[in-house]
Amino acid sequence: TQLLEQSPQFLSIQEGENLTVYCNSSSVFSSLQWYRQEPGEGPVLLVTVVTGGEVKKLKRLTFQFGDARKDSSLHITAAQPGDTGLYLCAGDALNTGFQKLVFGTGTRLLVSP
Amino acid sequence: DTGVSQNPRHKITKRGQNVTFRCDPISEHNRLYWYRQTLGQGPEFLTYFQNEAQLEKSRLLSDRFSAERPKGSFSTLEIQRTEQGDSAMYLCASSLVVGLETQYFGPGTRLLVL
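These protein sequence lines map, in sequence, to chains A and B.
Positions -9 to 103 (this note's numbering) are the ones given, in order, by the first sequence.
Positions 22 to 135 (this note's numbering) are the ones given, in order, by the second sequence.
Isolated chain A (complex conformation):
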């Protein structure tokens, strides 16, 4: 069974601080996605990383896929209250013939003004 562990599980910071969320597995994934989920809503895709070592930037968010395609990180610079939410990583399992996403347990971020 493929598992994705996220850390930390909960993060409470002040506006303007930087933070990093980690997503780790012992399994290799063909791609990895990061989602943000608001209470009572479905996850919204932020980014997909495909190549080992790949780095993608989305404004103040920087995503990195590990060289071995087993882990990933999300770094937020100068966090804002609008960044508050549940951040989920999801790996696309290998050799399934479809996009079988394995989700991490999530990191709940609270950014206070």
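Be a bit skeptical, because a hint or two may be false.
Cβ-to-Cβ under 8 Å is the rule here; a few derived chain B residues that face chain A [as the list claims (entries may be wrong)]:
| no. | residue |
| --- | --- |
| 1 | F86 |
| 2 | L112 |
| 3 | S116 |
| 4 | L121 |
| 5 | Q124 |
| 6 | P128 |
| 7 | G129 |
Restricting the straight-line Cα-Cα distance to at most 25 Å, the calculated cross-link-like pairs of lysine-lysine (PhoX-like) are [unchecked claim]:
| no. | chain 1 | residue 1 | chain 2 | residue 2 |
| --- | --- | --- | --- | --- |
| 8 | B | K32 | B | K78 |
| 9 | A | K90 | A | K60 |
| 10 | B | K92 | A | K90 |
| 11 | A | K60 | A | K47 |
| 12 | A | K90 | B | K78 |
| 13 | A | K46 | A | K90 |
It should be emphasised that the hints constitute simulated quantities derived from the structure, not laboratory data.
Backbone N, C-alpha and C fix where the C-beta goes; we use that ideal spot for every residue, glycine too.
Starting from the known structure of chain A, fit chain B onto it as the hints suggest.
Just chain B now, with coordinates in the frame of chain A:
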């Protein structure tokens, strides 16, 4: 494009009752997925359809669960003889398999079994 819609958004039922949820995917998306998300956890894959064919079912999908996508458009997920452990958010996602697949999620149906 109206996105993925799910109905109802909330459902409260008594143990032993049957419930049915509906998912309307993004128009012309050929794949449709169902996930279950319990409190404090990430979504877990339940099943998926390629057009009208149900091609994969998770071990989480017990015999009390059945999903259909009769015309390859909307899908229904039925739970028979509900149990308290079925209480969760049921999420639907759809995708168009062209190049890098991207799943778009609906808002979910939150089920509470009393």
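* Hint by hint, work out which the structure violates, then give me just those numbers in ascending order. => 1
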